[in-house]
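Undergrad: Each chain is listed here by its residues.
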Amino acid sequence: MGITSKREKIAQAVFHLVFIGICLTVIIPFLLVFMSSITEENELIRNGYRFWPGKFSFAAYEYIFRSSTALVRAYGISLLITVVGTILGLSIVTLYAYPLSRPEFKGKNLFTFIAFFTMLFNGGLVSSYLTWTRLLNVKNSIAALIFPFLLMNAFNVILMKNYFKANIPSELIEAARIDGAGEFGIFFRIVLPLSTPILATVGLFVAISYWNDWMNGLYFITKRTDLFSLQNYLNRMLTDIQFLNSSANKVSSYTQGVKMPATSIKMALAVVGVVPIMVLYPFFQRYFVKGITIGAVKG
Amino acid sequence: MNIRKKHRIVQWPYFLMLAPGLVYLIINNYIPMFGVIIAFKDIDFSKGILKSDWVGFRNFKFLFKTSDAFIITRNTLLYNVTFIILGTIVGVTIAILLNELLSTRMRKTYQTVLLLPQLISMVIVAYIVYAFLNTESGFINNTLLNAAGKEPVYWYSEKKYWPFILTFVNLWKGMGYSCIVYLASIMGIDQSMYESAKIDGAGRMRQIWSITLPLLKPTIITMILMSVGRIFYSDFGLFYQVTMNSGALYEYTSTIDTYVYRALLQMNDLSMSSAAALYQSAVGFVLIVAVNAIVRKVDSENALF
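Protein chains in written order, with numbering that gives the first Met the number 0: chain A, 0 to 298; chain B, 0 to 304.
No lab work stands behind these hints, which were simulated from the structure alone.
Honestly, I wouldn't trust all of these hints.
Straight-line C-alpha distance at most 20 Å; calculated EDC-like pairs for lysine to aspartate or glutamate [said to hold, decoys possible]:
1. LYS258/A <-> GLU40/A
2. LYS258/A <-> GLU135/B
3. LYS164/A <-> GLU300/B
4. LYS159/B <-> GLU300/B
5. LYS197/B <-> GLU7/A
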C-alpha cells in the first residue's frame, strides 16, 4: 500500500472520531443502566438515574438474589428452553434441509416449496394462537415456550440447503453409496461433519431467538408464572416491581425488615438480563457476523 | 445390471428425514393458514370453530368502520417507510465509512460494538429506554431537562414524542445489522477498479460516488424491496415493549401487530382480531409476491423465487 500520506492520516483520524461517536451512542445507554444499578437507592430517588454514582451500593443485587428464588428459576427456564429448543430445532431443520439439497431426491421441489411458501403467507397471530391453545393445548406449560413459532423456520432451511448444495461434493456421497453406506449413515458420518460452520451459525441464531424470546411467554403463560423465562420475568417486573415479592415467588425472610430498593432493582434486573449475552458475545460474534452476511444477501 | 441395481437410490430415507419438519410446518404454519377462515365466522367455542356460523365479511365491516383500522394501517406504513429510508441511509453510510478505514482491527472492533444492540431482547431495550425516559427517575427529566431549567416531561403519556423515540430506537438496534450486509457487498467489489480510478486521479469521494455506490445499488435495491415486502408487518416488540404498552400513546404507537395482540389477548375480541390478522396476512402476501416480481426484474439473482 505504500506510505500513508499526511492527508490520508487526517482523514483516518476523522473517520475514527466519527466511529467513536457512533460507538458511544451504543455503549452509553448500557452504561447508564449499569451505573444506576450500583447507585445507592436514596440518591436515585433524589437525582434519578445517572452515569456516576455519588455513593456506590450493591443493595439492589443483594435484594434480588436474597429475597426470592424466582429470578434463579427464570434463568433456569431460559437456559432449559434455549438448550432443548436449539438441539431440537437444529435437528429438525438439518434433517429437512438435507434431502432438499440432493438432486436424486424425487420430492425436492415439492418439499422446498412447502417450506418456502410459509415465508410468503402466514395465518397470523389469531389462528396460530388458536391452533396452539385449542388444538394442542400448550397454554401454561413449558412446551409453550419451546414449540410455537420458534422451532423451525423456512429461512434457516433454505440457508442450510444452499450450504449443503455448495459444499457437499456429490462424488463423495456416490462413493459412500458404492461402499455400501446407507442414506442415514451418509448423512451422519459424511454430511454433518462437513457442515459444522453452518450448524454453528444456524444453531447460534436459533439459540439467540430462544434466549431472547418473550412473546411465547406473553401469549401462552398466563397463570403459571413459575414457568416464566428470564425475559418474561423481566417484562413483568418493568411494570410491576412488586411482582418480585408476590405470592407466586417463594419469598425468603430476607424481605422482612429490608426496604425494597425498587428504583435500583429495575436497573439491576436489566444488567442481570444482559450479562450472559455480553459475556458470550466475544466468543460467538464471528459466527453471528458470518450468519448475517450469508443470510441477508443470498436468502 | 447387477451393480446398478445394487446402488439404486432408495427414496424412503429422505422422506423419513423430512417427516419431523413436515409435521411441524403443518402444525405451526399450514393449519393456521386454513385457520384464517375464522375471520369469516362468528366463533362460538361451545359449537367449535368448524361449526360456528359463517358471517361473510361482517367482521371486516366492523373493523373498517372503526377509526382503529385507519390508525393502525397509517402507523404501520409510516413507521416502516421511515425505518426503511433512514435505515438504508445510515446502514450504507456506516458501511462505506467502515470500508474506508485502513485498520482492519479497528474496523472489526467498531463492527462488534455496532452489532451489540441487535443481540439483546426488546425487553432489555425497554429497560434501557425506561432509564432515560421514566418520569420519576429518568435521566432526561432529572438531569438534562433539570439542568436546562425545563419542566419534566411525562414521556409515557405524551404521544407526540414517540415517532422520534421509536425511530431512534429502531435505528440504534438495527444499524449494526444493515451495515454488515452492505459492508459484505462492498468488500466483494473488485479492488482493481479502485486502483485504476486512483491512477486516473479520482479522489475518495469520486471513488465512492462512481464505483462503490453504483456497484452497491443492486444490494440496496434488493434490501429495500425486501423491507417493502414486509411493510405491513411491524416489530411487535418495538411498539409493545418500548412504549410499555402505554394506552395514552396508542394513537401514535399502535400498529397492526399490537392491535391484533390487544384485541385477541387483552380484549378477547376474536372477530376484530381475526379480521385484522387476515387483513395483514392477505395484503402482506400480495405485497411480497409483487415485490419479488420486481426484484426478479432488477436483480434476478437475489429474487426469492
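Undergrad: All hints, please: hold or fail.
TA: Comparing the hints with the structure gives:
no. : hint                  : result
1   : LYS258/A <-> GLU40/A  : 10 Å, holds
2   : LYS258/A <-> GLU135/B : 19 Å, holds
3   : LYS164/A <-> GLU300/B : 16 Å, holds
4   : LYS159/B <-> GLU300/B : 42 Å, violated
5   : LYS197/B <-> GLU7/A   : 14 Å, holds
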